[in-house]
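Undergrad: Sequence:
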Amino acid sequence: MKFNRIAVALTAVASTFLVTQAQADKLDDIIESGKLRCAVTLDFPPMGSRDAQNNPVGFDVDYCNDLAKVLGVTAEVIETPFPDRIPALVSGRADVIVASTSDTLERAKTVGMTVPYFAFQMVVLTRDDTGINSYDDIKGRPVGNTSGTYEAIALEKDVKKWGNGSFRAYQTQNDTILAVAQGHIDATVVTNTVAASTLKSGKYKGLKVAGNAPYVIDYVSLAAQRSEYGLINYLNLFVNQQVRTGRYAELYEKWVGGTPVDLTVPHVYY
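Residues -24 to -1, 1 to 246, numbered by mature numbering (1 follows the signal peptide of the UniProt record, and there is no 0), are exactly what the sequence shown covers, in order.
I should point out that these hints are in silico values taken from the structure, not numbers from a laboratory. Mixed in with the good hints, there may be bad ones.
To be verified - Straight-line distance between alpha carbons at most 25 Å, and here's what the computed DMTMM-like set of lysine to aspartate or glutamate pairs gives:
(1) K176 to D4
(2) K137 to D19
(3) K179 to D42
(4) K133 to D60
(5) K184 to D104
(6) K2 to D42
(7) K176 to E204
(8) K176 to D134
(9) K176 to D79
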């Protein structure tokens, strides 16, 4: 009987060891595979879009390439609409989200999020003929935004609080902006980067920026599987290195222009 108990105990120990060995660290998996799969949104210029040759370009694309380079692997951009970012990660289609993902506490219940790697100021985008000149002017108007984004959640919440007007959700950023341009909605809230890129493109006539939206600065993070502590720690250090080597400022100047947004949060991140 004693021998049987010892045998059972040894079997349990051996099983635990084998299970532990089988659960390889995601960071090791990426390095060994030679490939980093980044979920990137490509209808959100200048963070992500496609050039005339249909190649992925933008701040987030370069950021993914930088990460792959330091890991010694090849970057693979997985085009991922805003609503599909977390599903792509959770399902295993992507290794890391590099897609301007706001670091909300709700999202952090599902995925692991890093310190901020970028930050956005929100502005009102409308048409010249709406008479809208500030955020307060959109009260009672038909408005909309891109499903699953920070600004969509905030805007829909305000519409419900006001008790009048209407809110419509769209699948992509392009759909949202087109809805404003075509008069389906009177305004939306977008990042300062999207607004600048949209007006600069000349693709949509008669659009204008009507001041800032009264939302907090939108800090966005890289994201990985919540249980992958080794990878998340590495990503945090990578963000740190991007800033202190000047690469963050370089990419900001390349894709956005002007002075980089400070990634420190008063009394939180220093």
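Undergrad: Taking each numbered hint in turn, which are not upheld by the structure, reported in ascending numerical order?
TA: Hints 1, 2, 3, 7, 8 and 9 contradicted; others consistent.
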